[in-house]
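Visitor: Construct the complete structure from the given sequences, taking the supplied hints into account.
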Amino acid sequence: MMYQYDEIDKTLVKERVDQYRDQVARRMRGELSEEEFRPLRLRNGLYMQLHAYMLRVAIPYGLLSSTQLRKLALIAREYDRGYGHFTTRQNIQYNWPNLEDTPDILDHLAEVEMNAIQTSGNVNRNVTSDPYAGVARDEIEDPRPYCEIVRQFLTLHPEFSFLPRKFKVAVTAAETDRAAINVHDIGLRIVKNDAGEVGFKVLVGGGLGRTPFIGKVIRDFLPKEELLRYLQAILRVYNMEGRRDNLFKARIKILVHELGTERFTEKIEAEYEASKSDTRLLMDGIEEDRIRAFFTPPTYESLSDDAPDVDAEAAGNPAFADWLNRNVVAHKQPGYAIVNISLKPMGEAPGDATAEQMDAVADLADQYSLGHLRVTHRQNLVLADVRKQDLVALWKALVALDFATPNIERITDIISCPGLDYCNLATARSIPVAQRISQRFADMKRQYDIGEIRINISGCINACGHHHVGHIGILGLEKNGEESYQITLGGSSDVDADIGKRIGPAFASEDVVDAVETLVNTYLDIRQDGERFLDTYRRVGQDPFKERLYAAY
Amino acid sequence: MPLIKDGAVAEDSWTTVGEDDPIPGGKAVIVGLTRWKDSADDLSGHNGPLGVRLKSDEPPELIAKDLGRFDLIALEFPNFNDGRAFSYARLLRERYRFTGEIRAVGDVLQDQLFFMRRCGFDSLELKEGRNVDTAIDALGDFTVAYQPASDEKDAPVKVRDWASN
Ligand code: SF4
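Quick mapping for you: the protein sequence lines, in order, are chains H and B. For the first sequence, counting from 1, position 42 maps to 42 in my numbering; every step adds exactly one. Throughout, my numbering is defined as the position within the second sequence, counted from one, plus 553.
Calculated directly from the structure, the hints in this document are not laboratory data. The beta carbon of each residue, even a glycine, is placed where N, CA and C say it ideally should be. Any given hint could turn out to be false.
Only some residues are given here: those of chain B computed to face chain H with a beta carbon under 7 Å [claimed, not checked]:
| no. | residue |
| --- | --- |
| 1 | 640 |
| 2 | 649 |
| 3 | 650 |
| 4 | 664 |
| 5 | 694 |
Guide: Now the structure itself:
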C-alpha cells in the first residue's frame, strides 16, 4: 500500500540529517554566515518567514500512513504551536520551529520514513499526484510506483541539484486531473497507445507565478521504460540552457516560451537520442517490479456495492445525505468508498489542522481506512479505502471533529496560500479573505445551488494559492500601503486547464467579498441548465460579469 | 588556492595563463576558450600538458573536436547557484569520453563537492579561505545514492540499481 524504505533510503535520509545537523551547528557557532547557510537550509525545507522559520515537510505524492500522521502531530505539538498547514503541493508546513530544533525534527521524520529534502530551493521538489491514485475508477493504472521511481531518481541528483529555479513534477493516470499536471514544470499523464501499451504523455513548461503558462505537450506517447532517460534529457537541457540572468525568467516555462514549443521539443529529443547508448536508466522491470510490489492493492473484502444502511440514513438525515453526495466518491472496489475530509469548516483557515485533529484522523484511518490517508492538492485529506457499511459511523466521528463540512468542490472549498499572516513575500493577507468568503457563503443550500466553483487565493504574485487557475482567482496586492485584490475569471487546472483573465481594477479589502458575491449572483441569473460557473463564463465571456461588478462601485 | 584531488590536498602543478600572457614552455598550462580558439595553432606547438578553462556559459560542445588536445578541462562555477558545469562534466565523461582531469574552479561550496565527484570532477579548487579539511570530509557526506552518474568505476557510493547492466 505504500513504499517502504530499504537500507539505501534509510542511509541516505540519515546521512542527510547528519549533514544538516552539522550545517546548523556550524551556523550556530558562527562558522557559516546566514548568507552561506541560506542555500543549505533551503534544501532541507527551512525558510525564513515573517516571524520565524518555517519548515516544509514533503508528503510524497500525498500518501501518508497513520503512523506518519501521528508523527506530524507530535512535531506540531512539541516543536510548533500545535498545528500544521497542508499546502497545495502535498506538503505540510510548520510555521514556528526553532532553528536549533530542526535537526531533531528531521530525526523524528526519518523514524517514520519521511524527510524535508528538497522541499525548497532551486531543486526538484516533492513529486505530486492524484489523491485518489490506486482507487480511482477513472485511472489507467496506479501512478504511484512511477511517482516513487521519479522521487528517488530526483532526490540528491548530483547533476540537477543547482537548477536555474525550482522544478516541480506531477503525475496522474486518471481522466479527471486532480493533480494539476497542466501547471507543473513537468506533467506526466499515464496513457495507453493504440497497441494497448502503457506510457506517458509528457507536458512541459506549465506554471503559475508572475508569468502563468499551461504546460505544452512535447510527447504524446513515451514508452514507460524510457521515463527516466527522458526526464534526464529535459532536466539536462533546462540545466544548461535555462536562464540564470534573471530570477523571474528562470523557470523552464520561460525557456519553452522563448524557444517555442517546437524548437524546445527538438532539443529535448536530440538530447534524449544522444543519451540512448547509456542504458543504465532504462527501466528494465526489476526495479520497477520491486517498487510496484509496495503498491499492490490491499486485500479488499468481497462486499456488495449496495449499502442499505447508508441509503436508509441518507433518506432520513439530510446532513448525512449532503455529506454523502459531496464528500464521498465512488471507489473502484465494490462495497468501498473514497471519503474526503474537508479541512475547510466554515470560517476557518484552509489547510490548517491541529495536532489533536491529526491524531484523531490517524485513529480514523486505522479504524476505517486500512491505516492510510492522502493529502490533496486542494488542501483536504482523503480516506481512500472506507467500507460503505462504515460510512455512517465515520461520518459521525468526522462531524464531532468538525471535519464533515460537505463542501468539496463548492464555493467554500477554497485554496489559499498562507499570505501576509505568515509569508514575508506577501503583499496582502489571503487566509482572512478565504475566511470571510467562507462565512458569507456559509449557508449550505446556497452553496449547493451555486454548484461546482473553485476559488483560489494568493497573497502575492508568486501565486502559491494558484489564483490563475481558480474559476474565480483572487490575488492580493498592495497599493499605497493598502491591501487590494485583483480578480481573475475563467481559470482551471483540470483537463480543461486555462489561465484566468483579469476582470478589471482591483478591489479594496472590504469590498472583495461583495465583489465575489456579485460575480456569483450574476452567474445565477444568467446560467443555463446544468452549467457550472466556469461553463457560463466561457459561454458569455467577461462582459456580463464586468458590467455588474463595476456598476456596483 | 587549495586544491583537492582524489580526496586529499594536492600540489597544483598547473598554471593558468591570461589572455595575453606568454606561454611558459614545458609547463602545464591552462588557457581560456578564447585564447584556444584564437591561437590553437600556436598552442599546438606547446611542449607541456595543456588545459582549457570553460566559463559556465561555454558548453563542452565548443571544444568537442579538440578534446584530444587537452589533458585537463577546468569548469568554472561563477557562484554556487550556477549548476551548469555539473552537466558539462557529465557530458565530457559520458558523451565525449574525456579521460583527462576535470577540475572545478570558482565559487565552490563544500556541500557541493560530493555531487561534483559524482559528476566526474576529479579535482576541486577551493576559494581562498575555505576550510580544506571540512571540505575533504564533506566528500564523504553520503555513502549511498539513488541514481547512476559518472563515477561508476570507482563509485564511492552504493547506487540504486535501475537497470540490468
Ligand atoms: S503566494 Fe506569495 S504570499 Fe502566498 S505563500 Fe506564495 S509567496 Fe507567500
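Visitor: Each hint: holds or not?
Guide: Verification of the supplied hints:
1. A least Cβ separation of about 5 Å between residue 640/B and chain H falls short of the 7 Å threshold, and the interface hint therefore holds.
2. Residue-level restraint check for residue 649/B is violated (minimum Cβ-Cβ distance to chain H is 11 Å; threshold 7 Å).
3. Proximity of residue 650/B to chain H is violated relative to the hint, the smallest CB-CB distance being about 11 Å (cut-off 7 Å).
4. Residue-level restraint check for residue 664/B holds (minimum Cβ-Cβ distance to chain H is 6 Å; threshold 7 Å).
5. Taking 7 Å as the C-beta cut-off, the interface hint given for residue 694/B holds, the closest approach to chain H being about 5 Å.
The structure does not agree with the numbered hints 2 and 3 stated previously, though it agrees with the rest.
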